[in-house]
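Engineer: Here is how the chains run, residue by residue.
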Amino acid sequence: MPLSNRHLLGMQNVPKEDIQLILDTANTFKEILERPIKRVPTLQGKTIVNLFYENSTRTRISFELAEKRLSADAINFSVSTSSVSKGESLKDTVKNIEAMKVDMIVIRHSVAGTPYMLTKLCDANIINAGDGIHEHPTQALLDLYTIREKKGSFENLKVCIVGDIAHSRVALSNIFALKTMGAKVSVCGPSTMIPKFIEELGVEVIYNIDEAIQENDVLNVLRIQLERKAREYFPSIREYVKYFGINSQRLEKNKKDILILHPGPINRGVELSSDVADGPYQVILQQVTNGVAIRMAVLYLLGTLN
Amino acid sequence: MKYLFKNTTIINPEQQLSLKDFDILISDGLIIKIGQNLEYDNSNTKVIELKGKILVPGFLDMHVHLREPGREDEETIETGSRAAANGGFTAVACMPNTEPSIDSAEVIELIKNKSKSFIVDVYPVAAATIERKGEFLSPMLELKEAGAVAFSDDGVAIKTASILKRAMEYSKMIDLPIIEHCEDESLSNGSMNEGINSTLFGLLPLPSVSEDIIVMRDILMAQYTGARVHIAHISSANAVKLVREAKKKGIKVTAEVTPHHFTLTDDLLKTYDTNLKMNPPLRTHQDVQEILEGLKDGTIDCIASDHAPHSIEEKELEFDYAPNGVVGLETSVGIALSELFHKKVLSIEEIIMKYSINPRKILNIPIPSFAEGSKAEFTILDLNEVWTVDKEKFLSKSKNTPFDKRLLTGKPLGIFNKGKLFLNGEII
Ligand SMILES: [Zn+2]
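Line by line, the protein sequences are chains A and B.
Sequential numbering from 1 applies to the first sequence in the working numbering.
Sequential numbering from 1001 applies to the second sequence in the working numbering.
If you are wondering where the hints come from, they were derived from the structure by calculation, not from laboratory data.
Don't take each hint at face value.
[As the list claims (entries may be wrong)] Listed next, the in silico EDC-like pairs over lysine to aspartate or glutamate satisfying Cα-Cα at most 20 Å (straight line):
id, chain 1, residue 1, chain 2, residue 2
1, A, 91, B, 1273
2, B, 1315, A, 200
3, A, 120, B, 1273
4, B, 1405, B, 1273
5, A, 95, B, 1313
6, A, 120, B, 1313
7, A, 120, A, 88
8, B, 1248, B, 1297
9, A, 91, B, 1320
10, B, 1270, A, 200
11, A, 95, B, 1184
12, A, 120, B, 1320
13, B, 1241, B, 1175
14, B, 1247, B, 1175
15, A, 91, B, 1184
16, B, 1051, B, 1382
17, A, 120, B, 1316
18, B, 1133, B, 1183
19, B, 1405, B, 1339
20, B, 1051, B, 1039
21, A, 196, B, 1039
22, B, 1405, B, 1316
23, A, 91, B, 1316
24, B, 1247, B, 1350
[Claimed, not checked] Sample of chain A residues facing chain B (criterion: CB under 7 Å; computed from the structure):
id, residue
25, 91
26, 112
27, 114
28, 116
Note that the Cβ used here is the ideal one computed from N, Cα and C, for glycine as well.
Model the full structure from these sequences, guided by the hints.
Structural biologist: Quick look at the structure:
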């Protein structure tokens, strides 16, 4: 059964069967990644452009690796190395890329909705690699894949997303995907970082991190932005660490059997203490490995749709 | 040149006038005779058959951006006037956020001179403060003498309570209103209404409380100073309630609403269509319901388009980068007739009050009347024509409408003003 949509713009409205299919397909690719020769000819002859308007080396490398392992021709087009910095419009850029006969575009952009706009501007399959504070679907999928590896199923699984929910594309994609799969989702963070109407999504809001640890099976801990602008939302890093930071004492005190995810890069000593970031509960590097398998699965399923 | 409009319905609630199947004879821009089966001289009279159509006192859109001087690539006084005529308006009030802004008699004179030869009257709204920066008062006395009909820093609210107080005290002297764009800038770093939809679409929020705070501030200041304040493009339910309560207390506050704010809601932004991006932003169904209530009970006095032309290149940008604003002159009346008249929110008399009578009362502009010897200034409407909005047919230079392809019932057919007739898209 193929995917129901020819683009992956977000996890909102992606049906359970599609998520299941992507996770199962990623299983196959993960096996391939364990082999000495990690390349398959599946997308041979397909051209994929990684159109990155925002610096994100990790996500770009993960996509690039996935593309190469599927034998696709991967081209990177990023702000610093292209005409975008000279002020070319999005429309012109996309028209130019399309004229080069491209099959898929992986886009990262700081403005929400830009991947959606791309679907109206060209015929390529569009994959959202993060748009503003909106969605980051492949991150959510790799998080789900990692959770499933460890926990087996999502039924009645309790997952809490911790941190700046209001300014996180990872949070929103996780909420949609986890809820679709049947998990019980909560968010935890300072109230200024929780969207005012989030409960309308069927998400519980917790302000006490100890409670969040006690009540959940999985914590997906987000990176706290330390720039000045983001700092307007909480009094100080010291206060954040004291009341929302996760350290081993806190984990010992509350509960032992908990799975900790983090999309990276980690601010050590802020959202996670170093002993937790390197400790037995976290699966942060597995997430990175799984990221390649998930992206291979998404690229493969979209690239072989028609 | 003489014109005879035959077999028309004439409605003017201000005159308590409602005539069916009447003729109206005009010579040199003046109404010569109103009656039935009027005689006329075949050789020099243009006869317009208007059976089933209605004539109403000329509509005035009190909130348009004509972009001249400064952004003539987006609109000019000429193209804006043609768009106004095509939309059924005999007059517009243009906002001062031009480049340079309308804060000197010279700019007012430029606008007055340029608009002189066009069929539409253009009434400049001058800046309340120099360059709309909220630091120093504009020369209001001189601006009024040059032709300003109100003062506003539109685009932004008057910056501080202290300069607002002085602007109100000073403008009160000459009985011109302060028109306020109500927005607390410290709460405004987003691009859509704060709600569940801003979370779903990942767009930074513009909370409605940002509007409400300034509406409240301005009402209190109007009460304190005794000056008149007019709330531009009201969009939030709370703001409507605040204006309603203030009116009950006798505070001199009036308000206008745009067609998009009484028709569209923020859930439409799921397509990230930049033609749905404006400030104030589209809000929720509850806000629209309160606005309709406010239109009905008279809390909201006027309908104004906030016509804001933008180039295609600018509107094609990513959502956050695209400028705020939509054109509205050529869809306003059709939307109002479809959404308010045909849906029985307002009667035709109430529509006329909100498009013609109330804006002129607020701006101290004489109200056109249907009387022998009066200046002929009217709008011709077909209340029942079904038509589809086609932005390619706009006479405005810009096409950034959220209403393209929308099916409407009720259409402005033309206007008569300054001795000239504009009918079905052209001067006759
Ligand atoms: Zn405004």
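Engineer: It remains to establish, for every hint, whether it holds in the given structure.
Structural biologist: The hints, checked one at a time:
Note on residue 91 of chain A and residue 1273 of chain B: the hinted pairing holds, with a Cα-Cα distance of about 14 Å set against a maximum of 20 Å. Taking the CA atoms of residue 1315 of chain B and residue 200 of chain A, the gap is about 32 Å. The hint is violated against a cut of 20 Å. Distance restraint check for residue 120 of chain A and residue 1273 of chain B: the Cα-Cα separation of roughly 11 Å lies within the 20 Å cut-off, and the hinted pair is therefore satisfied. The suggested pairing of residue 1405 of chain B with residue 1273 of chain B holds, with an alpha-carbon distance near 14 Å, which does not exceed 20 Å.
The straight-line distance between the Cα atoms of residue 95 of chain A and residue 1313 of chain B is roughly 14 Å, inside the 20 Å bound, and the hint therefore holds. For the hint pairing residue 120 of chain A with residue 1313 of chain B, the CA-to-CA distance comes to about 16 Å; that is within 20 Å, so the pair holds. A threshold of 20 Å between alpha carbons decides the hint, and for residue 120 of chain A with residue 88 of chain A the separation of about 18 Å falls inside it, so the pair holds. For the hint pairing residue 1248 of chain B with residue 1297 of chain B, the CA-to-CA distance comes to about 12 Å; that is within 20 Å, so the pair holds.
Distance check on the hinted pair: residue 91 of chain A and residue 1320 of chain B sit about 15 Å apart at the alpha-carbon level, within 20 Å; holds. A distance of roughly 17 Å separates the Cα atoms of residue 1270 of chain B and residue 200 of chain A; the hinted pair therefore holds under the 20 Å criterion. A hinted pair counts as satisfied when its Cα atoms are at most 20 Å apart, and residue 95 of chain A with residue 1184 of chain B does not qualify at roughly 39 Å. Pair hint residue 120 of chain A plus residue 1320 of chain B holds up; C-alpha atoms about 17 Å apart against a cutoff of 20 Å.
Between residue 1241 of chain B and residue 1175 of chain B, the direct Cα distance comes to roughly 25 Å. Violation of the 20 Å bound is thereby established for this hinted pair. For the hint linking residue 1247 of chain B to residue 1175 of chain B, the alpha-carbon distance of about 18 Å falls within 20 Å, and the restraint holds. Between the alpha carbons of residue 91 of chain A and residue 1184 of chain B the distance comes to roughly 33 Å, so the proposed pair goes past 20 Å and is violated. As the CA atoms of residue 1051 of chain B and residue 1382 of chain B are separated by approximately 10 Å, the hinted pair is consistent with the 20 Å bound.
Between residue 120 of chain A and residue 1316 of chain B the alpha-carbon distance is near 11 Å, which keeps this suggested pair within the 20 Å criterion. Of the supplied pair hints, the one linking residue 1133 of chain B and residue 1183 of chain B holds, its CA atoms being roughly 15 Å apart against a limit of 20 Å. With a C-alpha separation of about 16 Å, the suggested pairing of residue 1405 of chain B with residue 1339 of chain B holds against the 20 Å cut-off. Taking the CA atoms of residue 1051 of chain B and residue 1039 of chain B, the gap is near 17 Å; set against the 20 Å cutoff, the hint holds.
This hinted pair does not check out: residue 196 of chain A and residue 1039 of chain B have alpha carbons roughly 69 Å apart, beyond 20 Å. Pair hint residue 1405 of chain B plus residue 1316 of chain B holds up; C-alpha atoms about 19 Å apart against a cutoff of 20 Å. For a cut-off of 20 Å, the pair hint linking residue 91 of chain A to residue 1316 of chain B stands: about 7 Å separates their Cα positions. A hinted pair counts as satisfied when its Cα atoms are at most 20 Å apart, and residue 1247 of chain B with residue 1350 of chain B qualifies at roughly 18 Å.
Interface hint status for residue 91 of chain A: upheld, as the beta-carbon distance to the closest one in chain B is roughly 5 Å, under 7 Å. A distance limit of 7 Å between C-beta atoms decides the matter here; for residue 112 of chain A the minimum to chain B is near 4 Å, and the interface restraint holds. Taking 7 Å as the C-beta cut-off, the interface hint given for residue 114 of chain A holds, the closest approach to chain B being about 5 Å. For residue 116 of chain A, the shortest C-beta to C-beta distance to chain B is roughly 5 Å, which falls under 7 Å, so the interface hint holds.
Consistency with the previously given hints fails for numbers 2, 11, 13, 15 and 21, ordered from lowest to highest.
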